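Q: One letter stands for each residue in the lines below.
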Amino acid sequence: MIRTLGLLAGLSLLPAAATAAQTVTVSDAWSRPALDTGVVYLTIRNREAVADRLVDATSGVARHVEFHQTSAVRETGGMAMGSSMAGMPDMATEMRRVRSVAIPAGGTVAFAPGGLHAMLIGLRRPLTAGRSFELRLRFAHAGWIAARSQVRGI
Amino acid sequence: MVPTSLRRRVNARAAPFTFRITGRLIGALCCVALLIAGALFAIAQLRLVGTAATDFTLTDQDGKPWTLSHERGRHAVALFFGYTHCPDVCPTTLAHLTQARRALAAGGRDLRIVFATVDAARDTPAVLKRYVALFDPTVVGLTGTPEATRPVYAAYNVWHQALPHGDSAAGYLVAHSSAIYLIDRNGRLRAIADWSDSTEKLATKLRELTS
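Top line first, the protein sequences correspond to chains A and B.
The first sequence begins at 1103 in my numbering and counts up one residue at a time.
The second sequence begins at 4 in my numbering and counts up one residue at a time.
Careful: at least some of the hints might be erroneous.
[What the hints assert, rightly or not] So the derived list for chain B, only partly shown, Cβ under 10 angstroms to chain A, looks like this:
1) F59
2) P90
3) V92
4) T95
5) L97
6) A98
7) F138
8) L166
9) A178
10) R210
[As the list claims (entries may be wrong)] Here are some chain A residues the structure puts well away from chain B; computed CB gaps all over 12 angstroms:
11) T1125
12) T1127
13) T1145
14) R1147
15) R1155
16) V1157
17) G1162
18) R1199
19) G1208
20) G1209
21) E1236
22) R1240
23) G1245
24) W1246
25) R1250
[To be verified] Pair ranges (Cβ atoms, derived):
26) A1214/A / P140/B: 26 to 32 angstroms
27) A1204/A / R125/B: 32 to 38 angstroms
28) K204/B / T1230/A: 24 to 30 angstroms
29) T148/B / G1208/A: 52 to 58 angstroms
30) T1230/A / S214/B: 31 to 37 angstroms
31) Q1171/A / D65/B: 33 to 39 angstroms
32) A129/B / A1151/A: 51 to 57 angstroms
Just so you know, these hints were derived from the structure itself, not from any lab.
Everything numeric in this text was worked out from a predicted model, so none of it was measured.
From the three backbone atoms N, C-alpha and C, an ideal C-beta is built for every residue, glycine too.
Construct the entire structure; sequences and hints are all you get.
A: Right, dumping it as structure tokens:
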């Protein structure tokens, strides 16, 4: 973990982020193969006593990076349902853009399949299994933190 | 005697309260309507199970016609609907299905994974070919004209809706059905799985389908 922190601090381009990176960490970043629109899942840990907020992200592999939330929709005849019913599979899904993500003090936020994810829009070239790339995340307090995302084969 | 200004303030407070009650009532009624709608949709889906899967022909990633009934006696089929610009649900479904298939006997040779687009405007055969190859080139990617796709969506209760995404650089996103239709070698729809099923759960369902 110390090594990860050191790596994150080293990768951060802004000098101010080096100190902040010790209390907010981004780990386990991974992606799926993608053609034009990709995804990054990751885990954010905030060891600070104050809440932080993820406000922006960039990556050299895509024109835009946004945060999106997938949620289940139950739909028929033009009506959509946001709530889920026990024991029934999700029948449909939709995504909504999330402008920023609150990272509670002392908390962990996981970006995972079917939930929050970073969306890579306009990939400059396809993400193929085995490749890795850098993603930079900007936090309101901690500043910029870099992470490497691994494209997982299936 | 209550000053007019105060009375006005009291009334101003009372009015939103009434609105709030009405709003809650409407909200509750909407929830009930949606619950019924959701239940009807689930029943419609479940009624498909056990029936012969509706046959159809669409265009595959090589630009050739692909017909479901041609798989009869040759392969079981795991059919689902999505689009290549979908970052989360569709690649997860593809990844889980291809992983689960590998756990089957003979590497899942008896099973065809079929990905039919709900976004034919962007998903041409050439795009689909490049997309499925990122996961597994044996996956069949299907597209077609609106005339060709519409009856397929209807037969499989596929709901999809392009969402104008004004605040996103993604252009538009497509909300869509996430069911996986499991069709056996005899062309019968045996079960409906879901994209959120784990690889293990899917593997069990695929094993039952191909056994």
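Q: Measuring from the C-beta of L166/B to each C-beta in chain A, is the shortest one below 10 angstroms?
A: Because about 7 angstroms separates L166/B from the closest Cβ in chain A, which is inside the 10 angstroms limit, the hint holds.
Q: Should the hint that A1204/A and R125/B are 32 to 38 angstroms apart at their CB atoms be regarded as holding?
A: Holds - the Cβ-Cβ distance for A1204/A and R125/B, about 33 angstroms, lies within 32 to 38 angstroms.
Q: Quick check for students: does the CB of T1125/A sit more than 12 angstroms from each CB in chain B?
A: 29 angstroms, holds
Q: Regarding the hint that T95/B lies at the interface with chain A, is the smallest CB-CB distance below 10 angstroms?
A: T95/B check passes; min Cβ-Cβ to chain A is 5 angstroms, inside 10 angstroms.
Q: Range first: 52 to 58 angstroms. Now tell me if the beta carbons of T148/B and G1208/A are that far apart.
A: 55 angstroms, holds
Q: A cut-off of 12 angstroms on Cβ-Cβ distance, and T1127/A was said to be off the interface with chain B. Does that hold?
A: Since the minimum Cβ distance to chain B is about 23 angstroms, T1127/A lies beyond 12 angstroms and the statement holds.
Q: Would the non-interface assignment of R1250/A survive a Cβ cutoff of 12 angstroms against chain B?
A: Since the minimum Cβ distance to chain B is about 19 angstroms, R1250/A lies beyond 12 angstroms and the statement holds.
Q: Could you check that no beta carbon of chain B comes within 12 angstroms of the beta carbon of G1162/A?
A: 16 angstroms, holds
Q: Was the hint right that F59/B lines chain A, CB cutoff 10 angstroms?
A: Not OK, violated: F59/B not within 10 angstroms of chain A, min 20 angstroms.
Q: Check the following: the C-beta atoms of T1230/A and S214/B are separated by a distance inside 31 to 37 angstroms.
A: 34 angstroms, holds
Q: R1147/A clear of chain B by more than 12 angstroms, beta carbon to beta carbon?
A: The claim stands: R1147/A keeps its Cβ more than 12 angstroms from every Cβ of chain B (closest is about 22 angstroms).
Q: Does the Cβ distance between A129/B and A1151/A fall inside 51 to 57 angstroms?
A: About 54 angstroms separates the Cβ atoms of A129/B and A1151/A, which means 51 to 57 angstroms holds.
Consistency with the previously given hints fails for numbers 1, 10, 18, ordered from lowest to highest.
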